[in-house]
Every structure is written in C-alpha cells, then in structure tokens.
Amino acid sequence: MAVGNQPDLAREVERLRDELALREQEAANRERQLERYAADLRETYKEERARSRELVRALSNAVEARDAYTSKHAERVTAYALELARALGTTLANTAEIEFGFLLHDIGKVAVPDAILWKPGPLTDKERALMAQHPLIGAEIVRGIEFLGPAAEVVRSHHERWDGKGYPDGLRGEQIPLAARVFAVADVLDALTTERPYRHASPLPVARQMIVAESGRQFDPQVVDAFCTISDEELERIRSDIQ
Amino acid sequence: MKRSVLVVDDDPFVRKLIATTLEDVAEFELHEAADGVEALAVALRERPTLVFLDVDMPRLDGIEACRRMRADHASAGATIVMLTAAHGDSVEREAEDAGADLFLTKPFSPLELLRLVDRLGEKSP
Chain H
1 MAVGNQPDLA REVERLRDEL ALREQEAANR ERQLERYAAD LRETYKEERA
51 RSRELVRALS NAVEARDAYT SKHAERVTAY ALELARALGT TLANTAEIEF
101 GFLLHDIGKV AVPDAILWKP GPLTDKERAL MAQHPLIGAE IVRGIEFLGP
151 AAEVVRSHHE RWDGKGYPDG LRGEQIPLAA RVFAVADVLD ALTTERPYRH
201 ASPLPVARQM IVAESGRQFD PQVVDAFCTI SDEELERIRS DIQ
Chain D
1001 MKRSVLVVDD DPFVRKLIAT TLEDVAEFEL HEAADGVEAL AVALRERPTL
1051 VFLDVDMPRL DGIEACRRMR ADHASAGATI VMLTAAHGDS VEREAEDAGA
1101 DLFLTKPFSP LELLRLVDRL GEKSP
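Protein sequence lines correspond, in order, to chains H and D. The opening residue of the first sequence carries number 1 in the working numbering; numbering runs sequentially from there. The opening residue of the second sequence carries number 1001 in the working numbering; numbering runs sequentially from there.
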C-alpha cells in the first residue's frame, strides 16, 4: 500500500476495530441468551420429572387407599426392587421410569372387586381367574403413559415365574423382562415380611430362605444371588425408612 | 383468520430463536423485521396482534417504532412487548410512554416468552 494512503489505512483499521467490538458484543449477547435457554430447559426437565413422579405416586396411592393391609406396600416393594437392581449391577436402577413401573405394578387391582381383593379365605377358581387379570388390566391402564416406556412391562409381567408357570402370559426365563424378574423377588419379600389378616409376618431370615428355595423355580437365580448379597440390616433399614 | 405475530430484532439469531420457540405453540403466522423501518412496513401490511420489539436497532429504534405503531391504526391495537437489555429502567419508562404493554428483559427466558404468548392467546377471541 502507498505511503500516501496512511490516513486511509488508519481509518480502515479503526473501522475494523469497531466492527470487531460490535461482533464480539453480539456474540456475548447470543451466548448469554443461549445460557438462559439452557437454564430454562434444565428447570423444565427437573419440573417435568417431579410432576411425573407426583402423578405416579398419586396413582399408586389410589390403588393402595382401597386396601389398608397393603399400606405402603408399593413404596416398600419399590425400594426393595431398586436396591435389588443395584445389587444386580444393572443400569435398571438408574432409569427413573423403572421406579414408576414398580410403583404402579398393581394398578390393575382397581378393577378387582372388593369381595375378591379382601376375601379372607382361599379364592375359588373363578375368583382366582379374575384376580389373575389384574396385570393385563394394569397394562391396559398404563398403555397411554408414554413416559413409562419399558417400565410398563413390570405392570404386565410381575406375576410371571422363571419356570414358566406364572401369569398372564406364561413367559419363561429370560423371556420375562429383567425389571419384572427383579420386581417379583421384591414383591414376595414384602408380602412374606408384612403382617396380613390371614397369616403372620415371617422374620427376614425365614423369608430369605423361602426366596432362596424358589431360585430357578419362581425366581431368576441371578436375581436371587443378588438378593443374597443384601444384608438383613440393609433390608431392615429400607423397611423402617418407609414406615 | 390466523393471528399474526411480528418479531423485530436486528440480530437474526434472536429472531430465529423466538420463531423456533413459538413454533406450533399457538395458531399464528410469524413475521420478522430487522429494524424499526422494516417493522413499520410489515406492521402496515400484516396487522399483527402481537409485536416483539427490540429497543436497540439501526435506522429506527424500538421506542420510536413503538410510538409510530401506536399512531397507525393498522397496529394501534396490537400488544407490544419490548425486548429490553437488563437494568433498563429508564428505557422501560420511555417505552411505556411510547405505548409498550409488556417487557421481556434480555437475555429473555423462553419459558416466560411461552407463558406470555399463551396468556395473550387466551385473551384473544
């Protein structure tokens, strides 16, 4: 560039400097605006999670409210099942939806008549057949809740047995979704250790023996092995936390 | 008839962001303008019911554009939301005098933006 153009050059540099400052300001503004979006997104995500949980708990409470004897059963069994999933070392416990599935496992019982649900003696074949519908009815009820995802399988399959003699689909072994296999153990654990009108609560060691005896029959042996790594103290702690 | 919403900001990034945020939220047609002069021309043509108006813009700033929109019967009844920078108390007073209805402080909260549009949507027939 010619020496005579020095003032022009200085002006051009000045102009570019201003332009750059303007661009930098603009970029900073955009960055702050994006941060605001990110903050709102984070808040919305957390709120959405909390809302889903509140709704699922309310639904679960609605089922429990009918039956004083199973009070807090859903919450306890959910806590056991989550602990069991952790002991099993699966990623199951890390997905919030699985917890929702555990909480809602018995939602189909809303369609079971009081006379059957509360019958003190053994059920007739017809009554048992009606009772056995509750996983299917439950699956139908939660079908529209998209955020449950695979957790809905817990509702349908929590009464399946490892040996294939369960219901409603008679699934066998690994055909049964893992979450449902985990849940089945937790469910029986709570049933055995909770006082019922027709039988006393078993002490934990006795319940444990009964569950181990069903390994490979009612329950997935791997899940039972994982269950055996959880101490009585830990199970007691979960139980007393919820009362 | 679809409601018409006008977004005025000299930064295309902000216009795009607002347009994307409001997409599919309510039934309306979205129009954009990059400065006050363009905003007035679009307002005259599209008769918006809702206007988002940035304050700092080349050619014609948001305050003056707001004043002129209020004076023009095509946009006199529109709800005008000023997009102001933080700590702009004096700017907000000026904008109020110019006829602005509401304020969104930049960087604005997208949730606030959505709620605002929801609220206004309920009011209109």
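Incorrect hints may have been included.
To be verified - Computed cross-link-like contacts, DSS-like style, restricted to lysine-lysine with a CA-CA straight-line distance of at most 27 Å: (1) D:Lys1106 - D:Lys1016; (2) H:Lys46 - D:Lys1106; (3) D:Lys1002 - D:Lys1016; (4) H:Lys46 - D:Lys1016; (5) H:Lys46 - H:Lys72; (6) H:Lys109 - H:Lys119.
To be verified - So the derived list for chain D, only partly shown, Cβ under 10 Å to chain H, looks like this: (7) Asp1011; (8) Phe1013; (9) Val1014; (10) Leu1017; (11) Thr1021; (12) His1073; (13) Gly1077; (14) Ala1085; (15) Phe1103; (16) Lys1106; (17) Pro1107; (18) Glu1112.
Stated by the list, open to error - If you anchor each label on the Cβ, the simulated ranges turn out as follows: (19) H:Leu20 - D:Glu1092: 49 to 59 Å; (20) D:Ala1074 - H:Ala39: 48 to 58 Å; (21) H:Leu34 - D:Ala1074: 27 to 37 Å; (22) H:Ala115 - D:Glu1029: 56 to 66 Å; (23) D:Glu1029 - H:Asn61: 26 to 36 Å; (24) H:Asp114 - D:Lys1002: 47 to 57 Å; (25) H:Thr95 - D:Glu1092: 42 to 52 Å; (26) H:Phe147 - D:Glu1096: 26 to 36 Å.
Think of the hints as simulated: they come from the structure by calculation, not from any bench. Positions of the beta carbon are idealized from the N, C-alpha and C atoms, including for glycine.
### Query
Honestly, which of those hints from before does the structure not fit?
12, 13, 15, 19, 20, 23 and 26
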